[in-house]
Amino acid sequence: MAGRLSGKVAVITGAGSGMGAAMVAAFCAEGAKVIAADISGKQNEVAKGAGSACVAVQVDVADSDSIQAMLATAIKQFGRLDIICNNAGVQGDNARTADYSLAEFDRIMAINCRGVFMGMKYAIPLMLRTGGGSIVNTSSMASLVAFPGMPAYCASKGAVSMLTKLTAAEYAADNIRVNAILPGAIDTAMVKALPPDVRAGAIKGTLMGRLGHPSEIANLALFFASDESSFITGTLVPVDGGYTLL
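Numbering (my numbering), first residue to last: 870 to 1115.
It cannot be assumed that every hint is accurate.
Lysine to any residue pairs mimicking SDA-like chemistry, simulated, CA-CA at most 25 Å apart [unchecked claim]:
| # | residue 1 | residue 2 |
| --- | --- | --- |
| 1 | Lys1061 | Ala1038 |
| 2 | Lys1061 | Lys1034 |
| 3 | Lys1073 | Asp962 |
| 4 | Lys917 | Ala938 |
| 5 | Lys1034 | Lys917 |
| 6 | Lys1034 | Ser1095 |
| 7 | Lys911 | Ser933 |
Label pairs and their computed distance ranges (CB to CB) [what the hints assert, rightly or not]:
| # | residue 1 | residue 2 | range |
| --- | --- | --- | --- |
| 8 | Thr966 | Pro1065 | 22 to 30 Å |
| 9 | Ala1038 | Pro1064 | 35 to 43 Å |
| 10 | Gly876 | Lys917 | 21 to 29 Å |
| 11 | Gly948 | Gly1018 | 40 to 48 Å |
| 12 | Lys917 | Ser1084 | 18 to 26 Å |
| 13 | Met1031 | Gly872 | 33 to 41 Å |
| 14 | Thr966 | Gly918 | 35 to 43 Å |
| 15 | Ala922 | Gly1070 | 37 to 45 Å |
| 16 | Lys917 | Arg965 | 36 to 44 Å |
| 17 | Asp1043 | Ala1069 | 40 to 48 Å |
If you're looking for bench data, these hints aren't it; they were derived computationally from the structure.
All values derive from a computational prediction rather than experimental measurement.
For each residue, glycine too, the CB sits at the ideal point set by N, CA and C.
Please construct the entire structure, taking both the sequences and the accompanying hints into account.
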């Protein structure tokens, strides 16, 4: 069914590659006007490929002023905000808790957790102006099960999942829905950068025996962003090929 997001304005962070780029393509194909935001500069090519309904913005999600400027661009370009996908995130270094750098822990939390919090904090007032909206946060299966050597990543994604539920409860009566996607091992640059043995282990632990595709995450984001999920809020949905079942 075409036009599932017709008339809606969306902001997508982490849009320069992987799951974020797939979200941009899916949202534009369904009629949304989209702000494709990323820190890398790769969002420019993504936006160019998506057409005139997509505008590229450089954003540092760990910086309050940068997030507010991104959202202000959405209002300036398209007049409103209906959807925000807080998708930007990083994996960080690998080390056990006692050996983990405090500076690295703070960096990962600033991007993965504080960035999502600020995305919601500054988007919600804009959504309230027009009667509601949909927030889609990218958490991780690492918010459900432990991955030794990844204390900052697991902690940050656990926080995203709880912030999703909390904010959904706070704003349900205001017609703002908040849901989270919990990706497993997805075929993105982040997973490709893993050591070969770690990547092989992730695939082995996935009951379906393969990596997920970015489009499989984007399809769920599209559903949450659309009116098809109008009675769904506060959900945490693993898209992990069965990894967390056992």
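Hint by hint, here is what the structure shows:
1. Lys1061 - Ala1038: Answer violated: Lys1061 to Ala1038 is near 36 Å, above 25 Å.
2. Lys1061 - Lys1034: violated (30 Å)
3. Lys1073 - Asp962: Holds, at about 22 Å.
4. Lys917 - Ala938: Cα-Cα ~21 Å, so holds.
5. Lys1034 - Lys917: The hint is violated at about 35 Å.
6. Lys1034 - Ser1095: holds (19 Å)
7. Lys911 - Ser933: Holds - the C-alpha atoms of Ser933 and Lys911 are around 21 Å apart, at most 25 Å.
8. Thr966 - Pro1065: 22 to 30 Å: holds (25 Å)
9. Ala1038 - Pro1064: 35 to 43 Å: About 40 Å separates the Cβ atoms of Ala1038 and Pro1064, which means 35 to 43 Å holds.
10. Gly876 - Lys917: 21 to 29 Å: With Cβ atoms ~23 Å apart, the hint holds.
11. Gly948 - Gly1018: 40 to 48 Å: holds (46 Å)
12. Lys917 - Ser1084: 18 to 26 Å: holds (19 Å)
13. Met1031 - Gly872: 33 to 41 Å: holds (34 Å)
14. Thr966 - Gly918: 35 to 43 Å: holds (41 Å)
15. Ala922 - Gly1070: 37 to 45 Å: holds (40 Å)
16. Lys917 - Arg965: 36 to 44 Å: holds (43 Å)
17. Asp1043 - Ala1069: 40 to 48 Å: holds (46 Å)
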